[in-house]
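> Take the given structure of chain C and dock chain X to it, following the hints.
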Amino acid sequence: MDRVFFEQLAMPLFDQLFNHACWLTGDRTEAEDLVQETYAKALKGFAAFAEGTNLRAWMFRILRNTFLTSKSGLAARNTDSLEDEVSPEESVSHAVTPELILMRSQNEQALFAALESLSVNYRQIILLCEVEEMSYREIAQVLDVPLGTVMSRLARARAALRVALSANVSQEVR
Amino acid sequence: MMSCGQNRETLAAYLDGEVTSAQASAFEQHLRNCTECATEIAILMSTRRSMKAARARFAPTSQFRQKVKAQIAPRGRRYFSLRMLPIAIAALAVVIVASSMLLVPVDPDRKP
Numbered sequence: 001m002d003r004v005f006f007e008q009l010a011m012p013l014f015d016q017l018f019n020h021a022c023w024l025t026g027d028r029t030e031a032e033d034l035v036q037e038t039y040a041k042a043l044k045g046f047a048a049f050a051e052g053t054n055l056r057a058w059m060f061r062i063l064r065n066t067f068l069t070s071k072s073g074l075a076a077r078n079t080d081s082l083e084d085e086v087s088p089e090e091s092v093s094h095a096v097t098p099e100l101i102l103m104r105s106q107n108e109q110a111l112f113a114a115l116e117s118l119s120v121n122y123r124q125i126i127l128l129c130e131v132e133e134m135s136y137r138e139i140a141q142v143l144d145v146p147l148g149t150v151m152s153r154l155a156r157a158r159a160a161l162r163v164a165l166s167a168n169v170s171q172e173v174r
Numbered sequence: 001m002m003s004c005g006q007n008r009e010t011l012a013a014y015l016d017g018e019v020t021s022a023q024a025s026a027f028e029q030h031l032r033n034c035t036e037c038a039t040e041i042a043i044l045m046s047t048r049r050s051m052k053a054a055r056a057r058f059a060p061t062s063q064f065r066q067k068v069k070a071q072i073a074p075r076g077r078r079y080f081s082l083r084m085l086p087i088a089i090a091a092l093a094v095v096i097v098a099s100s101m102l103l104v105p106v107d108p109d110r111k112p
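So the sequences go chain by chain: C and X. Anchor point for the first sequence: position 145 equals 145 in the numbering used here, and the numbering is continuous, going up by one each time. Anchor point for the second sequence: position 24 equals 24 in the numbering used here, and the numbering is continuous, going up by one each time.
Chain C on its own, in the form it takes in the complex (with noise of 0.2 Å):
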């Protein structure tokens, strides 16, 4: 029975959980394979699931911890730790005006690339608020961390696209 209730909520899910799996990994082999873990272990823990609560953001912490403990997920980790403490303002080229990037942001492979080319804890909460649309209080769950974080964490997220964005215009400048 519990099987039948888990596959008509957790299915749903299926194509949400695998893009995001994919922008996490950069691999599409390495993203099945975290799929399909992050389902066994749900399935597995899905009898102490309280009903009622958020399934979505429960599946999405499952893939989270999941991949931070495979390979790829322990090299982003500590590539990761290091980042986070650069401040990204401090990096934007002065050359390039609000006005340029407002422009470079509209262009959606131009966004993908500095998407990509974020550490993944950027990438993440930028794609679960985004493109997940999730409340900060859903990311919180996720990420398993306080509000407070969430906030701090998106801004310096942001900051850090617009960077990625604004040296992609320099480069097409010089």
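Please keep in mind that the hints were generated in silico from the structure rather than gathered at the bench. Glycine included, every Cβ here is placed at the ideal spot set by N, Cα and C. A portion of the hints provided could be inaccurate.
[Said to hold, decoys possible] What follows is a set of in silico ranges between Cβ atoms, one per label pair, in the way DEER data are often shown:
1) C/GLU51 / X/LYS69: 17 to 25 Å
2) X/ALA91 / C/SER70: 25 to 33 Å
3) C/LEU147 / X/LEU31: 45 to 53 Å
[Unchecked claim] Partial chain C-side listing against chain X, Cβ under 10 Å, derived:
4) GLY73
5) PRO98
6) ASN107
7) ASN121
Okay, now just chain X, sitting in the frame of chain C:
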């Protein structure tokens, strides 16, 4: 921090719908006179619009979907199990014997 003293986190929280209605009204009042914040909001909104395409950038194959579905499917609904193999062989044997009996030519001169 913006040069007008506005906190970037508050600005983003306004866009994300994470402020109270009183905070939203106060910020909208500020936006009318602050070009820097208005530009910032325009960039955030434009980024949000373009980012929507990231939602369906990677789609799973139908084979992979079936694989995961089979993995979590209720036990009674598994597509095939090795435990069913002897039953399947016995059923096949019955079908073969029955068909061969039907195919035996009938002698019209044979008396009942």
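> State for each hint whether it applies.
Verification of the supplied hints:
{"no.": "1", "hint": "C/GLU51 / X/LYS69: 17 to 25 Å", "verdict": "holds, 22 Å"}
{"no.": "2", "hint": "X/ALA91 / C/SER70: 25 to 33 Å", "verdict": "violated, 45 Å"}
{"no.": "3", "hint": "C/LEU147 / X/LEU31: 45 to 53 Å", "verdict": "violated, 24 Å"}
{"no.": "4", "hint": "GLY73", "verdict": "violated, 18 Å"}
{"no.": "5", "hint": "PRO98", "verdict": "holds, 5 Å"}
{"no.": "6", "hint": "ASN107", "verdict": "holds, 7 Å"}
{"no.": "7", "hint": "ASN121", "verdict": "violated, 17 Å"}
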